[in-house]
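Engineer: Sequence:
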Amino acid sequence: MFNHLHYVPILKWKLGEYQALARLESSVKDRVTPLIELPAVGYDFENSRVAKSLDDHLKDFGRRLKAKWASRTCFVDTKNIASSERMADGTHPLERVMQLARTEGCTAIPVVALSCDAEYRRSAAVAVLADGNGAAIRLQLEDFDRQNIDRDIELLLSDIGASVAGSDLIVDLCDKFLPTSVFVEAIISSLQKLPHLNRWRTFTIAGSSYPKTLQDVAFTIHKTEGTDTPVLYPDTLYPRREWAIYKTIVNTLGRKARLPAYGDYVVAHPDPVELDMRLIKPFAKLRYTTSDSWYIIKGKPVRTYGFDQYKDMCKQTTKKERIFEKSLPSDGDRYIQGCADGDESTGNMTTWVWVSSNRHITRVVADLSTFHGA
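Quick note: the sequence shown uses the numbering used here, first residue 1418, plus one each step.
Worth flagging that the hints you see were computed from the coordinates, not collected in a lab. Some clues are possibly wrong.
Unchecked claim - Taking lysine-lysine and the DSBU-like style, the derived pairs with C-alpha atoms no more than 30 Å apart in a straight line are:
#1 K1431 / K1698
#2 K1446 / K1485
#3 K1736 / K1698
#4 K1732 / K1446
Unchecked claim - Derived Cβ-Cβ restraints for the label pairs, each shown as a range:
#5 T1524 / I1638: 42 to 52 Å
#6 R1739 / D1534: 45 to 55 Å
#7 G1790 / P1718: 38 to 48 Å
#8 R1720 / H1639: 21 to 31 Å
#9 S1500 / G1790: 37 to 47 Å
#10 P1689 / P1718: 19 to 29 Å
#11 D1592 / A1674: 19 to 29 Å
#12 A1582 / P1718: 48 to 58 Å
#13 T1524 / V1599: 51 to 61 Å
#14 Q1557 / A1505: 27 to 37 Å
#15 D1592 / A1635: 17 to 27 Å
Idealized CB from N, CA, C, for every residue including glycine.
Using the sequences and the hints, build the whole thing.
Structural biologist: Structure (structure tokens):
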């Protein structure tokens, strides 16, 4: 289905994220297979109850997937929805979203982990049989501590009616990172435990070093000499360690080995976040992906200072000649330039999710081509 030149972005299925996918250039879409994580039903903190029913939460999935990604292939994971949750008619949520995608003519592949219970596996088996697209097996580092991981994988494949050759292997490092040399050695050692590594339909290594919160990130404060008045918004370059790890793994394996495709969580931490918006003061932030870092600008609370501050934040970004790229064919880049020039609105929080995500995906696809000499 794809090789090591491909990119697997792991995305929460929310407005900003699927807008980012929809606005990618066609040439970029051809090199991308997103892993879509369906979020849990939100909580209404004000009324102390879930915001909506699971049926209402998922009912538009197929229609939106068709509108934003058409019939292109994607992976679908419902792991963030509690294992006990069911639709009103008793259907498992994975079975329902796969059904909704199928009805719209979308090509969705169910994602299954070794930790998935019998009902989740049964729902994946229904999709495997109905669609004939196989499944994606998502492993995490702790899975390699199992006494007999090859037996557990074979049992999982048997339970869902899939084969190694007709399935995709995704090794998800999540946010677990050690010093590069030690970590790479441990990963390669773990991969050697896997049965039939060369026979999987595709093979991807994913992870994320994006911070869970920006509170502990060191930002540079720019001030006019001799005063305490900031002249620019605080900013920083935060290293993309998962990309560095991936390149080291590939170089260590050598070009004759089965090389993995690359995956990451775009501009997000792997853990889903559920916040009581009554109690927090979200601040403006602009995230701009470079070939080895995220350039992050931290603004002020938007409830107090509004979104107009994004115009100056965009200007600050576009003036960074070694960071901002005018030549990359990304809607995210074009929007940042347009906002800086006053030709685009300063939007809302969702706007800057799709802008940063669209830029990130486009940058990664270009970097994969450069790295692999394609």
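Engineer: Under the criterion that the straight-line Cα-Cα distance not exceed 30 Å, is the pair K1732, K1446 satisfied?
Structural biologist: 28 Å, holds
Engineer: What's the verdict on K1431 and K1698, does the C-alpha distance respect the 30 Å limit or exceed it?
Structural biologist: Distance of about 21 Å is within 30 Å: holds.
Engineer: Go ahead and decide if the range 19 to 29 Å is satisfied by the Cβ distance of P1689 to P1718.
Structural biologist: Cβ of P1689 to Cβ of P1718: about 23 Å, so the range 19 to 29 Å holds.
Engineer: A range of 27 to 37 Å was offered for this pair. Does it hold for the Cβ distance of Q1557 and A1505?
Structural biologist: Holds, at about 32 Å.
Engineer: Holds or violated: the 45 to 55 Å window for the beta-carbon distance between R1739 and D1534?
Structural biologist: 50 Å, holds
Engineer: Could you check the hint for me, namely that A1582 and P1718 are 48 to 58 Å apart, CB to CB?
Structural biologist: 53 Å, holds
Engineer: Holds or violated: the 38 to 48 Å window for the beta-carbon distance between G1790 and P1718?
Structural biologist: For G1790 and P1718 the Cβ distance comes to about 46 Å; the hint holds.
Engineer: Just tell me: holds or violated, for the beta carbon distance of S1500 and G1790 against 37 to 47 Å?
Structural biologist: 44 Å, holds
Engineer: Are K1446 and K1485 close enough, with their CA atoms no more than 30 Å apart?
Structural biologist: 11 Å, holds
Engineer: Does the hinted range 21 to 31 Å hold for R1720 and H1639 at CB?
Structural biologist: 24 Å, holds
Engineer: Per the hint of 42 to 52 Å, is the separation of the Cβ atoms of T1524 and I1638 within bounds?
Structural biologist: 48 Å, holds
Engineer: Look at the Cβ atoms of D1592 and A1635 and judge whether their distance stays inside 17 to 27 Å.
Structural biologist: Since the Cβ atoms of D1592 and A1635 sit about 18 Å apart, the hinted range of 17 to 27 Å holds.
Comparing the model with each earlier hint shows a violation of hint 13 alone; every other hint is respected.
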